[in-house]
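Peer 1: Modelling step: build the complete structure from the supplied sequences, incorporating the hints.
There are 4 protein chains.
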Amino acid sequence: MRNQNPVFIPGPTNIPDRLRAAMNVQTSDHRAPDFAESLQPLLEDLKKVFKTETGQVFIFPGSGTGGWEASITNTLSPGDKVLVARYGMFSHRWIDLCQRHGLDVEVIECPWGTGAPADLFAERLAADTDHTIKAVLATHNETATGVLSDIAGVRGAMDKSSHPAMLYVDCVSSLASMDFQMEAWGVDLAVSGSQKGFMLATGMAIVATSQKALAAVETASCSRCYFDFRDMGTANKNGGYPYTPPIQLISGLRASLDMLFEEGLENVYSRHFRIAEGVRVAVAAWGLRLCAESPDLYSDSVSAIYVPEGFNSDELTNHAFNKYGVSFGVGLGEMAGKAFRIGHLGELTDVQALSGLATIEMAMKDLDYPIELGVGVAAAQEYYRSTTTAK
Amino acid sequence: MRNQNPVFIPGPTNIPDRLRAAMNVQTSDHRAPDFAESLQPLLEDLKKVFKTETGQVFIFPGSGTGGWEASITNTLSPGDKVLVARYGMFSHRWIDLCQRHGLDVEVIECPWGTGAPADLFAERLAADTDHTIKAVLATHNETATGVLSDIAGVRGAMDKSSHPAMLYVDCVSSLASMDFQMEAWGVDLAVSGSQKGFMLATGMAIVATSQKALAAVETASCSRCYFDFRDMGTANKNGGYPYTPPIQLISGLRASLDMLFEEGLENVYSRHFRIAEGVRVAVAAWGLRLCAESPDLYSDSVSAIYVPEGFNSDELTNHAFNKYGVSFGVGLGEMAGKAFRIGHLGELTDVQALSGLATIEMAMKDLDYPIELGVGVAAAQEYYRSTTTAK
Amino acid sequence: MRNQNPVFIPGPTNIPDRLRAAMNVQTSDHRAPDFAESLQPLLEDLKKVFKTETGQVFIFPGSGTGGWEASITNTLSPGDKVLVARYGMFSHRWIDLCQRHGLDVEVIECPWGTGAPADLFAERLAADTDHTIKAVLATHNETATGVLSDIAGVRGAMDKSSHPAMLYVDCVSSLASMDFQMEAWGVDLAVSGSQKGFMLATGMAIVATSQKALAAVETASCSRCYFDFRDMGTANKNGGYPYTPPIQLISGLRASLDMLFEEGLENVYSRHFRIAEGVRVAVAAWGLRLCAESPDLYSDSVSAIYVPEGFNSDELTNHAFNKYGVSFGVGLGEMAGKAFRIGHLGELTDVQALSGLATIEMAMKDLDYPIELGVGVAAAQEYYRSTTTAK
Amino acid sequence: MRNQNPVFIPGPTNIPDRLRAAMNVQTSDHRAPDFAESLQPLLEDLKKVFKTETGQVFIFPGSGTGGWEASITNTLSPGDKVLVARYGMFSHRWIDLCQRHGLDVEVIECPWGTGAPADLFAERLAADTDHTIKAVLATHNETATGVLSDIAGVRGAMDKSSHPAMLYVDCVSSLASMDFQMEAWGVDLAVSGSQKGFMLATGMAIVATSQKALAAVETASCSRCYFDFRDMGTANKNGGYPYTPPIQLISGLRASLDMLFEEGLENVYSRHFRIAEGVRVAVAAWGLRLCAESPDLYSDSVSAIYVPEGFNSDELTNHAFNKYGVSFGVGLGEMAGKAFRIGHLGELTDVQALSGLATIEMAMKDLDYPIELGVGVAAAQEYYRSTTTAK
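Residue numbers (UniProt numbering), protein chains in the order written: chain F, 1 to 391; chain W, 1 to 391; chain D, 1 to 391; chain L, 1 to 391.
All clues stand as given, with none of them false.
Since the list can't tell identical chains apart, any single copy or any two copies may satisfy a pair.
As a list, the in silico SDA-like pairs of lysine to any residue whose alpha-carbon atoms are at most 20 Å apart:
(1) Lys365 - Val375
(2) Lys323 - Thr388
(3) Lys365 - Val281
(4) Lys323 - Tyr383
(5) Lys323 - Glu263
Worth flagging that the hints you see were computed from the coordinates, not collected in a lab.
Peer 2: Structure representation (structure tokens):
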């Protein structure tokens, strides 16, 4: 019966029927003209989602982590210095990936619950007068803590010292859910995946590059082949792939883009805000606290919520799954045991969101949390009903 | 976005993924041996759901109404007298169908919200000493009012006067959701469909007959052909159909029966009771009233709920659909404008039920119903959390 | 493994993926505004397929046989005389249905393999000076013999004697595959189904009526309810159904109409002709004979083929199914044992048709038919390759 | 209409409906207990397909090329010497991948159309007395030429000189189609993917390792992270993934393994042989020549076929696609323009294979190849009919 309930994990999202249908296609020939003809428009349309006109997009069979690897290995060389702030599990993992590819990673440790520290970045970059720092890495939406960082601010910090480093952004769980402006924010490498804002099955790393990043490919000496931009770029130009492409996912991506454009990206963002805000008013009504330290950091795709002292969030998510058949995000890394997460990205409706809030309320009550049944739901109901407009 | 939300209509139900997959099969030959081999076991398994060992089941391409027509035209003759009580839209429609096939219908008018009147039936049958009444018709679950009738009681009333009339029961919206015992209750004709307890798409009338009913076929002179039991029975015996069968639905029915038996019919019934009871405690918390006049009449597949004086239930269901993208059952017939319905049959989970309750609460609040947001949800949460066991 | 092979039965057809997707939709509310809004355009578009501007179309949950019953019971009265020619299994069954509804059926026996006998009709109608004949019934495409009748010719025969009888046509296996012109040919009732030219699952009887036929509904006294045009017409006008509609099939029908119109009906017909003609040249190459007695009678949706003296066609079709996992149509009625059928309607491609021809050749060879392997295929290849144009 | 025809490319294969259904599942939580519980049995069952008891299997989101990268980067260090024979496009690409990861690749150039040269390997290994060669790489089934190599023979050559090098085998297009015996043949790294013998969508690299290979991971210094066996192994042990797993594909893999085991691997292999042999007799009947130089090298998953002198195979495959809507494999690398390929792996039936043969015959005839229509088909028909047994 579990299949009937929505998931409330921060991706993969509940897949809309239209996209399930679009992915459920029979094999066709990836070397045939119709594949070739459809590939270029798809890549062009992806640029609209990243909001870049001069950039280039690559789609690799893989997960978002593969996208990180692609971005790093294609544009940097072992020993290159990169500046990163660690403020969650995904920034942590990206750091690890950089280190394993031989980069010299300068880490700024930040409290989990905060975002990319533009001021500290500015400091370090200003101090780096000989420009040894080749890249600044930032996680736009830190899925572990539900924190959205100010990427424009990071770019501002970089510009302040006119530092030539490139800006790499993990937008896996923000793209197509919250505003992302690759070109306006001066992002050089933006990494995303199929299973979040695109609402598809997991399996595609979607990476956008600036022209500056593409130029860096020529000198970058990190070893790579599977994720090499050059092979992919050349093959794409000829309407193909350097190896077998995941045509079912690519078919789904076409439909996903159609859905996003039909609704309008700005409407997609405000819909995500609205669903998220309903969750946040419920959290407030419960008297619980978000991991994100201040409202400007609130993510609209996931909320990480501290459980009260003396409670274990893993027990809560396990209980919700075992008793009610509903999946919520567990606490990751430093948040393990301390926080649970409600994913609210993709096509999740207010109606579905309410069922998630009702469920976690029941689970908290079962485990003797100091929670009154229905208060979070009621707060969200009030918010949703006063903000919905007829469809 | 509406597709993401469950429907809360009293059928067709939300279709479980397993059944969607089972119905999504390519054409195969209905005259091939494998179809023939699978048909007889399917019909036998249906008997288990009807709880008859001596009866016979027929599956017609059509809706439940077609099942009514099949039951009547195969076993009765124009001018035959039948005794029926009208206590809702579906008993009303069945009466109409009987009249249009030339039957002499003796109607007992009952208040909507009550069920089959065993005592009144007993009276009429006792008075019918020359046995002109050929059949008693009862709607087991009156979908318009959310009333479940006591069919065993009706049979008791018939037996009291040792009346030889046959008993016809509409179990369209009760079979495979609530207890139904064809043989124990002495039902001669039981009419159901694919889109309720079987959780499939609409398109199959499923009719079970007693041996007594089958014997009546020989002398019944209502004109019929498409729904003729004889053609169907003969063709079925040879592993086929008298015309093209709906193989996708039949494939789905196989999977549906598998699901029902895996869970166990008694467990299916108690699951329906539990989901329904949660809805009923919410209704009580709202201070609203069910159409069903007393607890013994409560249906576990649908609740019909009176709106307060001065409110229009059609406005409410329209509003819920237009603003929240959620479908509830409208008031039918006498209940038009006065009551709305929450369908809770099929694989609906407690989690989904809560989303329906939360939605209708918002809709009521929007329309200035004297309702406090969250109270119905909270009551249902309390009921559900105290009655669920880990899955 | 059988599922991988196409079927070569004369319907249901192999279902195109696009239509499988369109039918694989979750439940939505058939009483909701969006259903209502989509119903009228669908019915209007169906009129284009029937080629009628003044007529009206009804869609019943049921099979084509239900459509026959609807056409008869809605427009005729017991005792009414109808004129029919029996020249195959489906005309035979329609006669039976008429008789069981109390009509006085005047049957013209014709050899199977011939079509509707316009001249004999003309004779009878001319002789019927007091106009006791209320209707002439003709099977446009006799699926049992692969014979296409000249309906315009039948109408001509009727017009010759200015006979006021209505013209009823079974176009189940011709509509949307071969030219059908309801209005131009003066057809009053045209009966079709979902599983042939519309390429959908079985489950909808699709019936078109002229205004004259609609007028006859008022006085027709055949008993009916489920298939009553009046209930359906009234409900349809209000955007609904008199009972639960098969929304998955209706969703499929929308997509089917889209496909037909995108290709263009005339192109659909010529595609069917081309596929059929390839089969016919193969039959000629085998030295076998079609049941259809002359080229003007050849059906483009199915070919019925006599097996040589001394061979049993049932053995052949069984063998093909059991050994190769491919379904062909069996010989029906008078053709049982004498002829097998190759269905070639719907989206069947020349490539698929060749696989069917290759299979039946192997099966014939296995059973010692005087056939040389490959000759039928080669003939069809030559025809197909010289008539295909790049897609 | 193209979707209706099978593809005849050597992977991705035509996907059986059962597997399409298995991949068409809604999102579930990859961190939930049920995912964890199903992962280990899946990995164990994969070992049965690789025929290894002591090995370990890893599933990465990616294509087969990602599997190559995983095998190399996890077990070797820059500068390590590997011995490879180039005899087709895929061995060529693997060489390229090794070089780009800094390996010292000793290439044995072999004519395309031959297989792994056990004798030449033996020679080189014997000469490598100080054991600088760390690995021997062989492509089991060279998809570009339709050549199956004798991996047991390669292992024999290695054993002859008791050389300690590891044996890496690309079995992407052979596993689950032709016999592969990882343990018996002493294979240390076997690389496959989801879209060939497993009949699934593209998107998983499936890699099996020996314990010796696993031991090498500890010292291997090729940089890696996404494809790191250690992260994957650790996560798998805990029932999870180091990043988001492709659950739809994993669900499909479960069903694929069920299908393979239900049929029996040996039956799967003989079925592939039979389908392939039918294609080969057709090729012989056409008077054409396979790229594979001798029968012991014939692949049962793909046949690469030389076009006659003066013809261009690209023109042929384009023509077949454009005119008949059927995809065949193009000539790759050295074979570009010289050979086309017929893929015949997966669930392809004899009936479907015949349609491919009939199509390419038509295409050849259209382009004035010296081919008589039907001769290849007839030869294949004769072979298939004399080798099929009732299903």
